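> Letter by letter, the chains look like this.
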Amino acid sequence: MIGGEAIQSEIIQRIRSGGQTELGMIYEEYRSEFLQWITKEYDCSMDDGKDMYQLAILIFYDNIRQGKLEYLVSSVKTYLFGIGKNLAKDNMRKEKKFTPINQEKWLKEYLIDEPDQPLDDGIFALAKRALEKLGQPCKRLIELFYYENKNMQEITEAMQYKNSETAKNQKCKCMARLRKLVDQEIERNSNVVNHETY
Amino acid sequence: MKPTEHDITLMERYFDSELSVTELEHFHSRVATDATFKALVQREKILIGAIRNQGLLDNLQYLKAIEDKIQGNQAHPASPKIQRWYYYAAAAVVTILLSVTFLLPTQKSSDELFAEYFTTYPNFVEPTTRGSNEATNRAEAFQAYEQKDYQKAAALFTKMLNENRESGVLLLLGNSNLMLGKTKEAKENFVTLIEEFDELDIQAKWYLSLCYLKSGDTENARKILKELGETEVSYASKAKELLEQVD
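Protein chains in written order, with the numbering used here: chain A, 19 to 216; chain B, 116 to 362.
Okay, chain B solo, but in the shape it has when bound (with noise of 0.2 Å):
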């Protein structure tokens, strides 16, 4: 029998702690009484288990992530937060050129050299936070994002990206783009980000360097890794004599 909409009112103001002293009483009158009653509200509390359910997972999913960015973190150590990037791009700079220069043609291919050092940038712009705007495409883009999904993010970045240009979004388009494999879309992305914007041109550039990396293109690959190396971040300075002493 399809339940009346007296019922159904009655049982979400159960579940929505709605209920007066008095209605309650007949609530639970109703519940110990009327077996196909009693039948709706137990669907009805599954429901809203499986609803309960889905949010301990996703915060689980999230929990993860943090776990993996700071597994992540401690094989590159790095420190203090705004100079995290810095360090970990300079350190990770020192041992490409290592790799590139001495050992690529007898040990790592660029492409097993891509994967060990490729890891996608976090989601800095806009964390997700469970609270706000989470109903616009915006939102949606960054937990994508963050939840793996680059399929879904990247269509929604580029969509992003048609109305507003965003270096950070330009960034994140990148990223998402290598993940799905579209080398030749993220270097375009990278390169625009270098070339159009006056930010994030170190994160481009690293980026950049990898894209060139991954479509086996060494002899681009090493002149980015060398400006990089040239730069005034920590290592740098290493990475420099060592390029010399290479060359």
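Just chain A, same shape as in the assembly (with noise of 0.2 Å):
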């Protein structure tokens, strides 16, 4: 068991510096305890209780990432079961009983940031299927830098570019790119629906 405040900031630096290797890590070391806790506590099946496992673990990644955990009150194991006891709550509340979480469709709602400003789906799916075709590097790139909220130092160092300013032009056109691709995507659309009308 992982304990101890030091240790506890330790992990937090670790997540927030790493990557895939301590996710992994933590994703080991809570899992027989949480599962054991929530299969119990809600009544829910094993595999039911690994989809919220995964989905707190990717939660407690995000928030450390994003730099909205800097530290913690309690422990980990706190805060992980605090989040699946949310997630818990939150899925029986809007499904009135206990009913296995789907966890894509949950990922994509938990980056609705507004909830009076609903995620415009249609565009949402297209722009999924412009990054599909962006390719590498510019994936890569843009993943590290909006996902795992690298900045362009880390970013320069991670892929290999000259310096940093050359990481920010790569990543100010790849994103250029994106959008166009995303306007190729949405004007395909149009075209395809409008055949289908005639």
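Read the hints as simulated data drawn from the structure, not as lab findings.
Being a predicted model, the structure only gives us computed values, none of them experimental.
From the three backbone atoms N, C-alpha and C, an ideal C-beta is built for every residue, glycine too.
Each hint should be verified, as a subset may be incorrect.
[Unchecked claim] Covered stretches of chain A (chain B as the covering partner; in silico rule of three or more C-beta atoms under 8 Å from a C-beta of chain B):
1. 35-45
2. 90-97
3. 121-127
4. 162-173
5. 195-202
Two chains, two frames, some hints: make the complex.
Structural data, given as structure tokens:
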């Protein structure tokens, strides 16, 4: 068991500067206890418990990467169980009883930070398609910046660019290309709709 | 209307948290009064949302892969880390020996045995960490392997091996070929690994025996399994004892 205030903050530091290895480490560390607790507390199956644990880990990781979680007043375990509790309650509130959680749907809704402005599902789907067409290294670069929240210096090192300025220019070019691809997807989609109309 | 360069720069700097307090005020005022600019900002927000969503889904897949590994380990209990492979191989050897020797003719075909016992070797060579060398073919190859894109992984591993012969990469290439149903190529990979490298022999022999099983050559599969049973790994003595009784 990982414990102690110093170690807790070290965990946060490692996740902030690390990557998937650290994500995996945390996953394995608290898995058994979490599954034992959630299956008993909410009378759900082991598979449902795993689905919620995976989401809890992703939120924990994302909160650290996005700078929303800089230090813990409790332990990592308490924090993870807290996320699990909220997930289970939220799921039960929506469905009135415990039902298996739809992870992909949940992860999409998680991104909406303004509840009064619902996500445009159509554009979102086209943006995802455009992202697939973007290719590497652009896709990786913008993911490092917007998802991993890496700064330009870190990106420069990770992707072996000449300097931060080059990395930043490259990021701007990649985003411009992505916008163009989305425009093309929207146009293609409207053509399909028009053809179907006639 | 097409957005101006200035508008795009302003929007980019907003999302990259680079605006000063005054610039931020100007930005919000533009969003409130200029519908075209507001639409541009909303579109960008969705784009960034799609990028973040992809990152979350990639990591979800990664966690699922870890979960699969944990399940696999629970099915074939193993520890500590360094010994993990040996225990797994040896335990499987005993079971396979039993199956091949006693049960094969009446119960399970070699194909079924292969399907039952073959699991890809984990990427131990260079576990993908999102912070390093992601742009290189090398990182892409390991990432493809972890994401089960064996076609891509095999192509990139082959390219890597042409430049530099690495035992670990060869082992993963063999696994990729096995996953792609290219048993002949996989067999060549493992034979090369056994004959031309000083490490990963046990692993290569294990997978070579599975190649033989896959191609229905139970005689050669049995030969290698017998040899593996004679190595100094856990359960090996039991395997030997059992094999002697069977012979």
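> If a hint holds in the structure, say so; if it does not, say that too.
Going through the hints against the structure:
1. Given a C-beta distance limit of less than 8 Å, the hint that chain B covers the stretch 35-45 of chain A holds, as 8 residues qualify and 3 suffice.
2. Check on the stretch 90-97 of chain A: 0 of its residues sit with their Cβ under 8 Å from a Cβ of chain B, so the three-residue criterion for coverage is violated.
3. Interface restraint, the stretch 121-127 of chain A with chain B: holds (4 residues with C-beta to C-beta distance below 8 Å; minimum three).
4. Here the stretch 162-173 of chain A counts 6 residues with a CB under 8 Å from a CB of chain B, which clears the bar of 3, and the coverage holds.
5. Restraint check on the stretch 195-202 of chain A versus chain B: 3 residues with Cβ-Cβ distances below 8 Å, three needed, restraint holds.
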